Amino acid sequence: MSSLSASEAFLETPPVDVPAPLSVRVEDLHVTYRASLERRPTVARRLRRLGRGERVVREVHALRGVSFDVLQGQVVGVVGANGAGKSTLMRALAGILPPTQGRIEVHGRVSTLLALGVGFNAKLTGRQNVTLGGLAAGLDREEIARRYTEIADFAELGEDFMDMPMLTYSSGMYARLAFSVAVHMEPDILIVDEALSTGDARFKEKSFARMQELCAQARTIFLVSHGLSTITQLCTEAMWVDKGALVERGDPAKVVSAYRRFLKVGATAVTQEDV
Amino acid sequence: MSDVQVYTPFRRGLPRLGPYAREVWARRQFALELARTEIRTENTGTGLGQLWLVLNPLLLAFVYYVLTSILSGSPGGAARLAHIMAGLFLYYFFSSAVIGGAMSILSSSRLILNTAFPKMLLPISVVLVSFLRFLPSLGIYAVVHVLAGQPVRWQMLWGVVPLALVLVFATGLAMLLATVNLYFRDTKSFLPYTMRVWLYLSPVLWLPEQVRGSLAFLRWANPLFPLLGSWSEAVVEGRAPQAWMLGAGAAWAVVALLVGAWALLSREREFAVRL
Ligand SMILES: Nc1ncnc2c1ncn2[C@@H]1O[C@H](COP(=O)(O)OP(=O)(O)OP(=O)(O)O)[C@@H](O)[C@H]1O
Ligand SMILES: [Mg+2]
Chain A
1 MSSLSASEAF LETPPVDVPA PLSVRVEDLH VTYRASLERR PTVARRLRRL
51 GRGERVVREV HALRGVSFDV LQGQVVGVVG ANGAGKSTLM RALAGILPPT
101 QGRIEVHGRV STLLALGVGF NAKLTGRQNV TLGGLAAGLD REEIARRYTE
151 IADFAELGED FMDMPMLTYS SGMYARLAFS VAVHMEPDIL IVDEALSTGD
201 ARFKEKSFAR MQELCAQART IFLVSHGLST ITQLCTEAMW VDKGALVERG
251 DPAKVVSAYR RFLKVGATAV TQEDV
Chain B
1001 MSDVQVYTPF RRGLPRLGPY AREVWARRQF ALELARTEIR TENTGTGLGQ
1051 LWLVLNPLLL AFVYYVLTSI LSGSPGGAAR LAHIMAGLFL YYFFSSAVIG
1101 GAMSILSSSR LILNTAFPKM LLPISVVLVS FLRFLPSLGI YAVVHVLAGQ
1151 PVRWQMLWGV VPLALVLVFA TGLAMLLATV NLYFRDTKSF LPYTMRVWLY
1201 LSPVLWLPEQ VRGSLAFLRW ANPLFPLLGS WSEAVVEGRA PQAWMLGAGA
1251 AWAVVALLVG AWALLSRERE FAVRL
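From first to last, the protein sequence lines are chains A and B. Each residue of the first sequence is one higher than the one before, starting from 1 at the first, in the numbering used here. Each residue of the second sequence is one higher than the one before, starting from 1001 at the first, in the numbering used here.
Chain A extracted, bound-state conformation (with noise of 0.2 Å):
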């Protein structure tokens, strides 16, 4: 870099020993749902529990003091078995679930996949749930009818297809849609929860092209998947949740190669138990 002349040194990005600003700092956190027992909490189950001086809510424990820093520019893979709490740590970076316990700070402006990707309103059409979507995230018409064009052809559903209601998307054209609207609302943290596994094989390399577009422009990726070569192809880090907890973190070979055996480790417990 010193042999460098001064205008072009001028014009060069910080040096690399500078660390990246912060993305995203967790400490310690705890989120607890609050399910209630009976699927249906009524005045009258309530006033009977009363009586008998029972709990009326059953409290969900999903993340037991989690903390880690994530800065910008990075792709983070996380990791963990079905009910970890992968979503919930998700849902909590969104603003979307509060804190039991424990602080968030957030740098930017969050998208989440989650937004579409698990349905909006299945009997709208393709389009309506755009608008609707980018409306709520507090994008105005404008900016939504620009993205659009862009957004329809990166899902490449075929016009036909976004004038039709979501209840006639195969899971992959959903996924498909979901993932195109999150990566296009030019977000500064975007959360990519479980919705590439449905998509084929080229557009899964679409949206990896896409997603290291987005991480080269300083933008900080969270990425949930079950697809554990996923996230060794993609991410800078990993994260390994258990049971609400964060087990490990680091490189993203290190961790999924933790991860496997734990997998193995686990099935051969339950098949123990089994006999």
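Don't take every hint at face value.
To give a feel for the contact side, a few chain B residues facing chain A, derived at Cβ under 8 Å [as the list claims (entries may be wrong)]:
no.	residue
1	Asp1003
2	Val1006
3	Tyr1007
4	Thr1008
5	Arg1027
6	Leu1034
7	Thr1037
8	Thr1041
9	Phe1117
10	Asp1186
11	Arg1269
12	Val1273
13	Arg1274
Don't read these hints as lab results, they were simulated from the structure. Because the structure is a prediction, the values reported are computed rather than measured. Ideal placement from N, C-alpha and C gives every residue a C-beta, glycine not left out.
Here the structure of chain A is known, so what remains is to put chain B with the ligands in place on it, guided by the hints.
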């Protein structure tokens, strides 16, 4: 990046009202679009389509006209039909706003679990849907008003005041019940009966002057008495409403809005863990 979000544990209490109001205002297009999409998609499968928006309250008004004629033993004339129609159209708007609003948060659980936005927009959007459905029935009323030989005077414009007050009152009640419904899910089941009884206790099927004796308490105990009473005086009879009715109506509307907004705002961060 300039905007830093910090999420800390949920505490019962109002959020900072300034930023919250800005958030709501920034997403006003979302509430509008949600309402518009709702109206566009409903009734699309039926033969008469959007015509049902005006046919429904019209047919209902005739049913009630026949009913009151039989009960009172006389046809009652066109003036009574006009009174019933004007009152019923407004009441129909009110009750659909309140019943729909009460369900608005629970029925959007997917959206709430996947997007961060001010939840106040959901009941507001439902009230808007009911209001947009109500508007065409004003045209029907205008025709009936002229055919019935009711006076056409500028004083009819006073009707805007009770109309606006009913809108505010319904919004407050919708926000309150949407919140209450999360904690006591019986609310939804009780509501239709409550609304039916409330109709009979309001000056729709009878005239405000007709309450006497032991029923006189309705004048001050029923918020809809001054609201619907002044509406009928202005729109049907074409005279300036009594001042006490406008005053009492305004007081009810403001109280309902404050209580509803307080209930929703002080608990909305907790909604996502309680759905
Ligand atoms: N809305 C809810 N109400 C109550 N409990 C919930 C709710 N959502 C999740 N949980 C509980 O929280 C825990 C963590 O769930 P979460 O969805 O975060 O798991 P996950 O790691 O995303 O799992 P998966 O890999 O299956 O997506 C689970 O025990 C689950 O039962
Ligand atoms: Mg999940």
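Cross-check of the supplied hints:
| no. | hint | verdict |
| --- | --- | --- |
| 1 | Asp1003 | holds, 7 Å |
| 2 | Val1006 | holds, 5 Å |
| 3 | Tyr1007 | holds, 4 Å |
| 4 | Thr1008 | holds, 6 Å |
| 5 | Arg1027 | holds, 6 Å |
| 6 | Leu1034 | holds, 6 Å |
| 7 | Thr1037 | holds, 5 Å |
| 8 | Thr1041 | holds, 6 Å |
| 9 | Phe1117 | holds, 5 Å |
| 10 | Asp1186 | holds, 5 Å |
| 11 | Arg1269 | holds, 5 Å |
| 12 | Val1273 | holds, 5 Å |
| 13 | Arg1274 | holds, 6 Å |
Violation of the numbered hints given earlier is absent; every hint is satisfied by the structure.
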